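Model the placement of chain B on the given structure of chain A, informed by the hints.
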Amino acid sequence: MPAKASPVAVAAGIRRQLPWARTVFWLYAATLMLPLLWMFGMSIRPNEDILGSFALIPQRVTFENYQTFFTDPVWYSSYLNSIIYTSMNAVLSLIVALPAAYAFSRFRFAGDRFLFFWLLTNRMAPPAVFLLPFFQIYQSVGLFDTHLGVAIAHMLFNVPLAVWILEGFMSGIPREIDETAAIDGYSLPRFFVRIFLPMIRSGIGVTLFFCFMFSWVELLIARTITSVDAKPIAATMTRTVSAAGVDWGLLAAAGVLTIIPGAIVIWFVRNYVAKGFALGRV
Amino acid sequence: MTGERLNDVSGDVSGEVSTAGAVVAGDRVEPEAPVGAALPRDEPGGQADTKPRNNRAWFLVLPVVVSVAFTAVIPLMTVVNFSVQDIFSPTDRIFVGLDWFRSVSRDPEVRAAFVRTLLFSAQVLLLEIPLGVAIAVSMPRHGLGVPVALVLVALPLLIPWNVVGTIWQIFARGDIGLGGWTINNVLGVNFNYTLDSTDAWITVLIMDVWHWTPLVALLAYAGLRSIPEPYFQAAQIDAASGWATFRHIQLPRLRGVLTIAILLRFMDSFMIYTEPFVVTGGGPGNATSFLSILLSKIAVGQFDLGPAGAFSLLYFLTVQIVSYVFFTVLTRTGR
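So the sequence lines, in the order shown, correspond to chains A and B.
According to the working numbering, the stretch in the first sequence is residues 1128 to 1409, in order.
According to the working numbering, the stretch in the second sequence is residues 348 to 682, in order.
In short, the hints are calculated from the structure, not lab data.
None of these values were measured; they are calculated from a predicted model.
Certain hints may be false.
Computed from the model, here is a short list of chain A residues facing chain B with C-beta under 10 angstroms [as the list claims (entries may be wrong)]:
no. : residue
1   : LEU1219
2   : VAL1268
3   : VAL1373
Calculated from the model, a selection of chain A residues having no Cβ within reach of chain B, i.e. all distances over 10 angstroms [stated by the list, open to error]:
no. : residue
4   : ILE1210
5   : ILE1322
6   : LEU1324
To be clear about the criterion: a stretch of chain B counts as covered by chain A if any three or more of its residues have a C-beta under 8 angstroms from a C-beta of chain A, and this derived list gives those stretches [unchecked claim]:
no. : segment
7   : 410 to 424
8   : 436 to 450
9   : 458 to 467
10  : 503 to 509
11  : 602 to 610
12  : 667 to 677
C-beta atoms are modelled at their ideal positions from N, C-alpha and C, and glycine is treated no differently.
Bound-form chain A, shown alone (with noise of 0.2 angstroms):
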């Protein structure tokens, strides 16, 4: 019977999702967001009465937190480098794995899949102890304490995602166009870039989010081979321990300046996650 209604009501009818669901969304939505609201709630008190005792609404509101935050050069400045090494790692991961993830997706070639692997394994070796010897590496190549070196360091676990993530983009487009464009007169490196990277550009806009989110939230090895210039801003958070206690007040407000970056970033990709991607790889 479907077959004979138009085909707004077919759209309608499967879109419609049981009436409960959306409430359960917004209510997990809601849960998600409580520890950030106390959060937030924290970074608007003063510090005795975050410690003092449980309170729903603040009795005081200050904004002596955000004002330190942004008066303090260890503090913004820490902030800078962050979103500074974070961007230069997105742009680099992307743009080393872009010929990569094109390889991987149009050919087969000696040891491909191997090799794949062996990316991916980059992101599961345990801090620790490969941590000691970052220091020295990024010394004696003067990379230490700058925003290239932490960008570069944080290749080593964006890089593989980033040509996992293209490449899935990259499998969904047919063959045919690349092989229509070269019938056609392009040479490969214009196809790729007036043709192909405007096709997956929803992939680029994911990618570079993935490579963002990953980058800006590290700590261990970001905190290892900078000391002053670069110092991120997580590794500053790690330092508000003074003869006092736990600035937990400033702590907060910096908490919830790390989620502004981030959520900027995801605006400008909603859509491309919106549109979907599926990333079937191998």
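Just chain B, lined up with the frame of chain A:
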């Protein structure tokens, strides 16, 4: 690839796919997954063999290999070097062969931590994967709800890991944290994660579910959105139940995204360090002392580089083997 994905469903809704596709073919544009273009490759054996063999493709992967090897190879050699020596000082060291591997793999503390970590990873996967898929299924599909939902769901992923630990350290406290306070005073259950080992475990587990289920949900949501509408129309014509539609149409199409989700969640949960370190420090007692926490106690706390190196390599190898099994099973099943 597209051809094979189509195979997953064509077995179940064969024939109807084309019927339904024809009904609406006029008003659908599907640039990402052109059903028509994929059809010629529909024969078994499909696309994998049609990819041309070309070893010059290595030139394209070279930048990736160089950029990753720069940071990966030397540390690995160094750790191997540590693991076969007894290091007293930088100049005084003796070669001990595989002794450290033997002693580490027989150490009861390491074994206990291994079981604990394995249990934690298993619980993480069993909770987060189904929950993430369920959330993805119930997420809004159109309207203003979509961007709002996406941003809200993504927020926990964007917080530095030590901050996640800090948030939960306070949030779960019985006296001044909303979560702990609610459990103690509203539910009336005595909950204290700094004293009770079960409470500590639950806190770390819930924290991980809170933190990482969004990753599974986002990937699964994107996977669901990539399914062309005709598939659902075919299912509807077939009068397939909601569950059958999910099982035979949605789930097979989620294979790619779920492979990534499962692998990432396994690796990261098996190597979890920062968050439990901040919240519980591995305690109370050894209750949440996962492999990574124990390892960093040996490596950084006691500075026993030999055992720590052997420990790291065994740890590394375990993650690789399990990941390889997951990877192979997930990419081969249903083909």
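A quick look at each hint next to the structure:
1. LEU1219: Hint holds; LEU1219 of chain A Cβ to chain B Cβ min 8 angstroms, cut 10 angstroms.
2. VAL1268: holds (9 angstroms)
3. VAL1373: With Cβ-Cβ at 9 angstroms, under 10 angstroms, it holds.
4. ILE1210: holds (12 angstroms)
5. ILE1322: Label holds. Min Cβ-Cβ 13 angstroms, cutoff 10 angstroms.
6. LEU1324: holds (14 angstroms)
7. 410 to 424: holds (count 11)
8. 436 to 450: violated (count 0)
9. 458 to 467: violated (count 0)
10. 503 to 509: holds (count 7)
11. 602 to 610: Contact hint for the segment 602 to 610 of chain B vs chain A: holds, 6 residues under 8 angstroms.
12. 667 to 677: holds (count 4)
Comparing the model with each earlier hint shows violations of hints 8, 9; every other hint is respected.
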